[in-house]
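Asks: Chains as they are written, first to last, in my numbering: chain A, 4 to 260; chain B, -6 to 320.
Hint data in this document are derived by calculation from the structure and do not stem from the laboratory.
Among the hints, a few may not be true.
No more than 25 Å apart at the CA atoms, straight line, and that leaves these computed lysine-lysine pairs for BS3-like [said to hold, decoys possible]:
| no. | chain 1 | residue 1 | chain 2 | residue 2 |
| --- | --- | --- | --- | --- |
| 1 | B | Lys125 | B | Lys53 |
| 2 | B | Lys286 | A | Lys233 |
| 3 | B | Lys211 | B | Lys125 |
| 4 | B | Lys286 | A | Lys254 |
Between beta-carbon pairs, the in silico distance windows are [as the list claims (entries may be wrong)]:
| no. | chain 1 | residue 1 | chain 2 | residue 2 | range |
| --- | --- | --- | --- | --- | --- |
| 5 | A | Glu151 | B | Thr178 | 25 to 31 Å |
| 6 | A | Pro111 | B | Arg13 | 42 to 48 Å |
| 7 | B | Arg13 | A | Gln236 | 28 to 34 Å |
| 8 | B | His162 | A | Ser35 | 27 to 33 Å |
| 9 | B | Thr178 | A | Gln19 | 49 to 55 Å |
| 10 | B | Gln306 | A | Val22 | 53 to 59 Å |
| 11 | A | Arg84 | B | Asp196 | 25 to 31 Å |
| 12 | B | Arg13 | A | Gly224 | 50 to 56 Å |
| 13 | A | Gln19 | B | Thr198 | 41 to 47 Å |
| 14 | B | Arg13 | A | Glu59 | 43 to 49 Å |
| 15 | B | Thr198 | A | Glu256 | 22 to 28 Å |
For glycine and all other residues, C-beta sits at the position ideal for the given N, C-alpha and C.
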Amino acid sequence: MKIIVCTKQVPARDSQLRVASSGAWIQEADLSYEINEPDAYALEEGLQLKEKHGGEVVVLCAGPARAAQTIREALAKGADRAIHIAEEDLGAFDPLGAARLLAAALRPESPDLVLTGLQSDDLGYGQTGVILAELLGLPHATIIMQVEKQDGAIRVKRELEDGWFQHVEMPLPALLTIQSGINKLRYATLMGIKKAKNKEIRNVTAASLDAGSAVPSIQLGRVYLPGRSKQTQLFDGPPKEAAAKLVEKLKFEARVI
Amino acid sequence: MNILVVMEQRAVQGPPAWSRMSWETLAAGQQLARELQQPVSAAVLGQGIENLASELTDKKLEHVYAVEHDLLKDYTPDTYTAAVRQLVEKTQAGIVIFPHTYQVRDFLPKLATALGRVAVSDVIAHRIEDGKLVLVRQLFQGKLNVDVRFTGDPPYFASLQAGAYRADHIEAGSAAVEKFTPQLTPSRIQPLDLFREAQRAVDLTAAEIIVSVGRGIKEADNIPIVQKLADVLGAELAASRPICDSGWLPMERQVGSSGQTVAPKMYLAVGISGAIQHLVGMKGSKIIVAINKDANAPIFEVADYGIVGDLFQVVPALVEEIKKAKS
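Produce the entire structure from the sequences given, and follow the hints as far as they go.
Replies: So, in structure tokens, the structure goes:
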């Protein structure tokens, strides 16, 4: 089974974000980056499916030069090769434009299964996978918690609201968006890291892909800190002092202790 | 630029029933209609939905569309995309809004793509600027907001976050039900059984006080630090999704959209940044206390009291202070 895993590089989870002076995006200078977390689960699912059924796992990533680091880490975990769509300014693409890039790079590969995380931790549209399925004409299912390969088909477990799930079946090739927690993430081994150095990363430029129109149909405006819906009483100072102030409020004002 | 609200129903146990978020979307549709001075209509898709459609006839709406077909009985993205697309083309709707449910997340991007558009997903607010619609959505798991505008031609598609609009603001009126039968072919995707996992052994909804822990706890070995806090308060211990995903606490202790929804007297969020998936499960709590090292963490937007600091120092200090206060 040939599996393509679409991954994205995003600012590390615990980043302290600051709005850039232009107000158009965040200050990127001092940030560290990592693989988008749901994509890490998608990669792990791809690796596990390959281990069970044989085949190949190809990592596909669109992003600036720094994304090469995240791609290397995916190769070190066991992906066989990678395609890096080099694009310094992905922000110029809306979700459809970005998915068109991925689709153009994906089509000649004719994969059996395409996996993505269910959403990105930065923009968080939660749309790239589904758009990609539509562009490629593939059946899809989203927010997947279990994948079972059958003869020419897959059976998956979709997460719904309030603790409900549904089994869904579809023919291959297909596209799935993977939910965090579907599996247990592996760490790269030393051997894996060593091997990754000799694995192929094919670089293609966004311009060289026959991706169709890149004219966005939505446009991001000002980026800003959300307002507070409640008046929060914040306590600071040394931990002991702050804790004492908080407990006093909880006891005498909120009366919950 | 008439407005179309696509309501959601589900037949999980028994006959089709509304997804409650649909009413919030209907209220938002009516609000947009007032602000843009445009008519608003509502649609419901499925099979055997006459009763649901008739519940919309006493609302202030231009049309109520009952989109009926045998192939819409069980949801698939293929059939729902085709049906809504045909309805949008028939009605020439300019703005089409949906509740941001798991189902909508599964087919709305497909629908928008099929029409060469991009849907704005998970919208939390809007305003009208120079007669144009500006939508607000969240970035970075709720740490920042961004304004979004449509730049191309309508139809414009958007899905609205749970709780962003108030369902009790629906205007009464009268509208007739119009039946619409789309042309559909069977989906490649076969929906099978709907199910819930084994019964929950822990009922967090009964707890008066909940101490909930998130990623800030860093590793499984640190869980006893917050367990102590729960113990001294007589509280149940709960967690955000990543903690349960990692197996540090059992899934049944998860609070949020995919876990339990709680509203205790006090909810203490420790090392939880407050992504929307978590907030929807706990923001109804009476008193919310947050301990987090990031002063801009979205959890502070809903907190009544907070300490910005290192939980590994703050929580033990808090345990000592609570012991003193209780003695």
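Asks: So, for every hint listed, does it hold in this structure?
Replies: Cross-check of the supplied hints:
A threshold of 25 Å between alpha carbons decides the hint, and for Lys125 (chain B) with Lys53 (chain B) the separation of about 23 Å falls inside it, so the pair holds. Our distance criterion of 25 Å between C-alpha atoms is met by Lys286 (chain B) and Lys233 (chain A), whose separation comes to about 19 Å. Between the alpha carbons of Lys211 (chain B) and Lys125 (chain B) the distance comes to roughly 45 Å, so the proposed pair goes past 25 Å and is violated. Restraint check: the Cα-Cα separation between Lys286 (chain B) and Lys254 (chain A) comes to about 24 Å, which is no more than 25 Å; the hinted pair holds.
The beta-carbon spacing between Glu151 (chain A) and Thr178 (chain B), approximately 26 Å, falls within the hinted interval of 25 to 31 Å. The hinted range of 42 to 48 Å is satisfied by Pro111 (chain A) and Arg13 (chain B), whose Cβ atoms lie roughly 45 Å apart. Separated by about 32 Å at the C-beta atoms, Arg13 (chain B) and Gln236 (chain A) satisfy the suggested range of 28 to 34 Å. Look at His162 (chain B) against Ser35 (chain A): about 44 Å separates their beta carbons, and that is not inside 27 to 33 Å.
Taken as a hint, the range 49 to 55 Å holds for the pair Thr178 (chain B) and Gln19 (chain A), whose Cβ atoms sit roughly 51 Å apart. In this structure the supplied range 53 to 59 Å is violated for Gln306 (chain B) paired with Val22 (chain A), their Cβ-Cβ distance being about 29 Å. Checked against the hint of 25 to 31 Å, the pair Arg84 (chain A) and Asp196 (chain B) fails, with Cβ atoms roughly 49 Å apart. For the pair Arg13 (chain B) and Gly224 (chain A), the supplied restraint of 50 to 56 Å is violated, since their beta-carbon distance comes to about 31 Å.
Between Gln19 (chain A) and Thr198 (chain B) the CB atoms are about 34 Å apart, so this pair departs from the stated range of 41 to 47 Å. At roughly 45 Å, the beta carbons of Arg13 (chain B) and Glu59 (chain A) sit within the given window of 43 to 49 Å. The given range of 22 to 28 Å is respected by Thr198 (chain B) and Glu256 (chain A), whose C-beta atoms sit roughly 25 Å from each other.
Against the hints set out earlier in the document, violations occur for numbers 3, 8, 10, 11, 12, 13.
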